[in-house]
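Peer 1: Based on these hints, arrange chain F on the given structure of chain B.
What follows is each chain in one-letter form.
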Amino acid sequence: MPDRLEEYLDTVREQVRWKRARDGAAQELRTHLLDQRDAYLEQGMDEEAATKESVRQMGDPVEVGVALDRVHRPKPQWGLMALVGVLLCMGYGVQLLLREVTAISDPLLSVDFYDSRWIVFAVVGIVVMFAVYLMDFTLLGKRPMGCFVLGILFLTVVFLTSRKVAGRPFEIQYCLLLAPVMLALLLYGLRGKGWKGLLVDVGATLALTVLALLIPNVTLAMLICCTGFVLLMISVKRGWMGLPVKKGLAVLAGLAGMAVLIFGFLAMQSVYFRRRFWFALHPELDPMGRGYHAMVIRSLLDGAQWIGRGEVTVPGYNPIERYLPNIHTDSLLTWLIHRLGWAVGIVVIASFALLLVWMARKALRQRGMLGCLVSVAVVSTFAIQVFTYVLFNLGFCLTGTLPLPFVSYGNAFMVVHMALIGLALSVFREESLPVQNDKMQTRKQMPLTQLIFWKDGDLVIGFSRLKQIR
Amino acid sequence: MGADKSQLAGSAAMLIMKLLDGQDMYGYQMIEELRRRSDQTFELKAGTLYPLLHNLEEKGYITSYQDDADAARPRKYYHLTKSGREQLREKQVEWRRYSRAVDLVMGGGVCFA
Numbered sequence: 078m079p080d081r082l083e084e085y086l087d088t089v090r091e092q093v094r095w096k097r098a099r100d101g102a103a104q105e106l107r108t109h110l111l112d113q114r115d116a117y118l119e120q121g122m123d124e125e126a127a128t129k130e131s132v133r134q135m136g137d138p139v140e141v142g143v144a145l146d147r148v149h150r151p152k153p154q155w156g157l158m159a160l161v162g163v164l165l166c167m168g169y170g171v172q173l174l175l176r177e178v179t180a181i182s183d184p185l186l187s188v189d190f191y192d193s194r195w196i197v198f199a200v201v202g203i204v205v206m207f208a209v210y211l212m213d214f215t216l217l218g219k220r221p222m223g224c225f226v227l228g229i230l231f232l233t234v235v236f237l238t239s240r241k242v243a244g245r246p247f248e249i250q251y252c253l254l255l256a257p258v259m260l261a262l263l264l265y266g267l268r269g270k271g272w273k274g275l276l277v278d279v280g281a282t283l284a285l286t287v288l289a290l291l292i293p294n295v296t297l298a299m300l301i302c303c304t305g306f307v308l309l310m311i312s313v314k315r316g317w318m319g320l321p322v323k324k325g326l327a328v329l330a331g332l333a334g335m336a337v338l339i340f341g342f343l344a345m346q347s348v349y350f351r352r353r354f355w356f357a358l359h360p361e362l363d364p365m366g367r368g369y370h371a372m373v374i375r376s377l378l379d380g381a382q383w384i385g386r387g388e389v390t391v392p393g394y395n396p397i398e399r400y401l402p403n404i405h406t407d408s409l410l411t412w413l414i415h416r417l418g419w420a421v422g423i424v425v426i427a428s429f430a431l432l433l434v435w436m437a438r439k440a441l442r443q444r445g446m447l448g449c450l451v452s453v454a455v456v457s458t459f460a461i462q463v464f465t466y467v468l469f470n471l472g473f474c475l476t477g478t479l480p481l482p483f484v485s486y487g488n489a490f491m492v493v494h495m496a497l498i499g500l501a502l503s504v505f506r507e508e509s510l511p512v513q514n515d516k517m518q519t520r521k522q523m524p525l526t527q528l529i530f531w532k533d534g535d536l537v538i539g540f541s542r543l544k545q546i547r
Numbered sequence: 012m013g014a015d016k017s018q019l020a021g022s023a024a025m026l027i028m029k030l031l032d033g034q035d036m037y038g039y040q041m042i043e044e045l046r047r048r049s050d051q052t053f054e055l056k057a058g059t060l061y062p063l064l065h066n067l068e069e070k071g072y073i074t075s076y077q078d079d080a081d082a083a084r085p086r087k088y089y090h091l092t093k094s095g096r097e098q099l100r101e102k103q104v105e106w107r108r109y110s111r112a113v114d115l116v117m118g119g120g121v122c123f124a
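Line by line, the protein sequences give chains B and F. For what it's worth, this note's numbering labels the leading residue of the first sequence as 78, then goes sequentially. For what it's worth, this note's numbering labels the leading residue of the second sequence as 12, then goes sequentially.
One chain only, chain F, in its complex shape:
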């Protein structure tokens, strides 16, 4: 379903930007790190990751640079830009509101009093 897909893409973009908030990373590293931090829950497909990264770069939220230390395997690192950091902050606020609302509905019947 379109809505679900865009929702998923939206949160994947947020998660990627969050990863890049700490340090610059290359694609493979991002997938590994996402898996580790989410306790093996998020298995982002590489085929989804790269178009998403290129899209974020196009929008100016991230920039890339190449590290040719290994000539046979040049690595493209991504770096979160200032406008990307702002976008991440907005997305985070939006996400907290959303997840709180879901929690309220899902856990609405539970009373700890």
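So that you can see chain B by itself, here it is in the shape it has in the complex:
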């Protein structure tokens, strides 16, 4: 009598307070009850007695439900949120301090021009972060390919309609920060698709990289390319692509090597890239041209104190606020080290390192494919951004830089950063949802004993299962 089973399962479900965990938790119990009932039927019991006995065997439904409720609860991410809060407070403090820069570098603006806008977008960002955090991120996994195609259309439209700022389309730059998450969704949609899936993903990663190069923004291109590679590597390593792991990783390593060689060769062929690389290493060779920004940064860092305001070692760079470009956005860390000392700079860098390591550990621990890939995409995006920013601000200016998340002035960038962090937090919040299925895990992990086994004294070869694995 299946009604009795359903009644039992309903009681269990009611005890689990997190609605989204209910079905996942109950599904397994249903299969068990049916197995148990069949076993009793085989022993000769009638259906009603068999159902009754299997329900009795399962134990008190309230107790079972309460025990499941204890395991499956949303995990609020207060710790990470507090850290983001600290970084935002730090950012606002820096923006207030930057009023003295505005007064000198942009005397026509009111001194609170930047910080008053910064705070508005920070508040919008916080609202967006909470909205994304409370959203069910698994909705993205319902139509991953659709989301990816929509994302591509959206980026194309933005690219074509972007305003040109300093000769480059502007809006597309912050929108492209969403590309790694799009690639995570694409990979999720391509799970189990083998070599064909791998090829499609590599093609999509290259296409998005080329889009960034068309801006041209080399930092963004590098960010997309590296993140795409990391995501693909994780998918192959965990068997989600349905490929032999070692062979898949070897092919990936080959592809990466080839990409580096081809890019290196092309870059070396181009006079522009060769000069750019050369001046990044030796900015002193062109102190008033290509090496200018790096030279100012290096001279400021040379004069920086451990704590307190540093000296300006080159008299021509005084007052520094007029000579160091883009202090509110790109050169903020250099200025901070010069203005307050190395100790403060190190605290800022360490805070970001803490955030990144904390998030990376959580991301790699995710059991579900979608959660793992989405959170790794977010962490890699932040990691590459922070890494290039710090390098740039320490005087190695090979590529331009993107704003420092949560600190730099950058209105829309701020909102995109907050949305991304909200997405990662949403994944971490839902990590204790019962894993429902990542079908392709079956391929890698189904052992031989489940294909060839003894049953009732017969040796059984499970051809139906074999078919499924292929």
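Treat the hints with care, since some could be wrong.
Derived DSSO-like pairs: lysine-lysine, alpha-carbon spacing no greater than 30 Å straight-line [unchecked claim]:
| no. | chain 1 | residue 1 | chain 2 | residue 2 |
| --- | --- | --- | --- | --- |
| 1 | B | 273 | B | 241 |
| 2 | F | 29 | F | 93 |
| 3 | B | 314 | B | 270 |
| 4 | F | 70 | B | 219 |
| 5 | F | 93 | B | 270 |
| 6 | B | 314 | B | 273 |
| 7 | B | 129 | F | 56 |
| 8 | F | 70 | B | 314 |
| 9 | B | 323 | F | 93 |
| 10 | F | 29 | F | 102 |
| 11 | B | 314 | F | 93 |
| 12 | B | 219 | B | 129 |
| 13 | B | 152 | F | 56 |
| 14 | F | 56 | B | 241 |
| 15 | B | 152 | B | 96 |
| 16 | B | 152 | B | 314 |
| 17 | B | 219 | B | 96 |
| 18 | B | 270 | B | 323 |
| 19 | B | 152 | F | 93 |
| 20 | F | 56 | F | 29 |
| 21 | B | 323 | F | 70 |
| 22 | B | 219 | B | 270 |
| 23 | F | 93 | B | 324 |
| 24 | F | 102 | F | 56 |
| 25 | F | 29 | B | 323 |
| 26 | B | 324 | B | 270 |
| 27 | F | 70 | B | 96 |
| 28 | F | 102 | B | 152 |
| 29 | F | 56 | B | 314 |
| 30 | B | 96 | F | 56 |
Computed footprint of chain B on chain F; a stretch qualifies when at least three of its residues, placed anywhere within it, have a C-beta under 8 Å from a C-beta of chain B [unchecked claim]:
| no. | stretch |
| --- | --- |
| 31 | 51-59 |
| 32 | 69-79 |
Everything labelled a hint here was simulated from the structure, so no lab data went into it. Everything numeric in this text was worked out from a predicted model, so none of it was measured. For glycine and all other residues, C-beta sits at the position ideal for the given N, C-alpha and C.
Peer 2: For chain F alone, coordinates are given in the frame of chain B:
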């Protein structure tokens, strides 16, 4: 009593991990196998088993995957992870020490010499 319960839960977790050490299994299979191997002594209730499995999965000692060969009755198989295997080894050492101590006390008066 709380202490007894946690002791029981502790050894049930160890027994389950031991079962999974040999091969991946689904819940029903584990209960049957435990009963068979313990000579019909251990009758683990399914209602106890599943929360325990989900708990072990949460801790990363086991992982699960679904076999949809029978669409009406999808089976969730559990697999012992590397950290689960380490945990099992530790638990086994702990258990041997404990059971030896119990044996010493309980059988303390017996002398076979």
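Peer 1: Decide, hint by hint, whether the structure agrees.
Peer 2: Each hint tested on the structure:
Proximity of residue 273/B to residue 241/B is assessed by CA-CA distance (about 38 Å); at most 30 Å being required, the pair is judged violated. Distance restraint check for residue 29/F and residue 93/F: the Cα-Cα separation of roughly 13 Å lies within the 30 Å cut-off, and the hinted pair is therefore satisfied. Restraint check for residue 314/B and residue 270/B: the C-alpha separation of about 14 Å stays at or below 30 Å, so the hint holds. Between the alpha carbons of residue 70/F and residue 219/B the distance comes to roughly 27 Å, so the proposed pair stays at or under 30 Å and holds.
Only pairs whose Cα atoms come within 30 Å are accepted, and residue 93/F paired with residue 270/B is accepted, the gap being roughly 27 Å. A C-alpha spacing of about 17 Å is found between residue 314/B and residue 273/B, which places the hinted pair at or below 30 Å, so the restraint holds. Using a Cα cut-off of 30 Å, the hinted pair residue 129/B and residue 56/F holds, with the two alpha carbons roughly 15 Å apart. Only pairs whose Cα atoms come within 30 Å are accepted, and residue 70/F paired with residue 314/B is accepted, the gap being roughly 21 Å.
A C-alpha spacing of about 19 Å is found between residue 323/B and residue 93/F, which places the hinted pair at or below 30 Å, so the restraint holds. Simply put, residue 29/F and residue 102/F have alpha-carbon atoms about 10 Å apart, close enough for the 30 Å limit, and the pair holds. This hinted pair checks out: residue 314/B and residue 93/F have alpha carbons roughly 15 Å apart, not beyond 30 Å. The straight-line distance between the Cα atoms of residue 219/B and residue 129/B is roughly 37 Å, outside the 30 Å bound, and the hint therefore fails.
Distance check on the hinted pair: residue 152/B and residue 56/F sit about 28 Å apart at the alpha-carbon level, within 30 Å; holds. Simply put, residue 56/F and residue 241/B have alpha-carbon atoms about 68 Å apart, too far for the 30 Å limit, and the pair is violated. For the proposed pair residue 152/B and residue 96/B, the alpha carbon gap of about 14 Å is at most 30 Å, so the pair holds. A hinted pair counts as satisfied when its Cα atoms are at most 30 Å apart, and residue 152/B with residue 314/B qualifies at roughly 27 Å.
Using a Cα cut-off of 30 Å, the hinted pair residue 219/B and residue 96/B holds, with the two alpha carbons roughly 18 Å apart. Proposed proximity of residue 270/B and residue 323/B is supported: the alpha carbons are some 17 Å apart, at most 30 Å. About 25 Å separates the Cα atoms of residue 152/B and residue 93/F, which keeps this hinted pair within 30 Å; it holds. A C-alpha spacing of about 17 Å is found between residue 56/F and residue 29/F, which places the hinted pair at or below 30 Å, so the restraint holds.
Annotation: proposed proximity of residue 323/B to residue 70/F holds, straight-line Cα distance about 27 Å (limit 30 Å). Between residue 219/B and residue 270/B the alpha-carbon distance is near 17 Å, which keeps this suggested pair within the 30 Å criterion. The suggested pairing of residue 93/F with residue 324/B holds, with an alpha-carbon distance near 22 Å, which does not exceed 30 Å. With a C-alpha separation of about 22 Å, the suggested pair residue 102/F and residue 56/F falls inside the 30 Å cut-off, and the hint holds.
Of the supplied pair hints, the one linking residue 29/F and residue 323/B holds, its CA atoms being roughly 29 Å apart against a limit of 30 Å. Between residue 324/B and residue 270/B, the direct Cα distance comes to roughly 15 Å. Compliance with the 30 Å bound is thereby established for this hinted pair. Restraint check for residue 70/F and residue 96/B: the C-alpha separation of about 22 Å stays at or below 30 Å, so the hint holds. Annotation: proposed proximity of residue 102/F to residue 152/B holds, straight-line Cα distance about 28 Å (limit 30 Å).
Note on residue 56/F and residue 314/B: the hinted pairing is violated, with a Cα-Cα distance of about 37 Å set against a maximum of 30 Å. A hinted pair counts as satisfied when its Cα atoms are at most 30 Å apart, and residue 96/B with residue 56/F qualifies at roughly 25 Å. Here's how the stretch 51-59 of chain F fares: 4 of its residues keep a CB closer than 8 Å to some CB of chain B, so the rule of at least three is met and the hint holds. With 8 residues carrying a beta carbon less than 8 Å from a beta carbon of chain B, the stretch 69-79 of chain F meets the three-residue requirement, and the given coverage holds.
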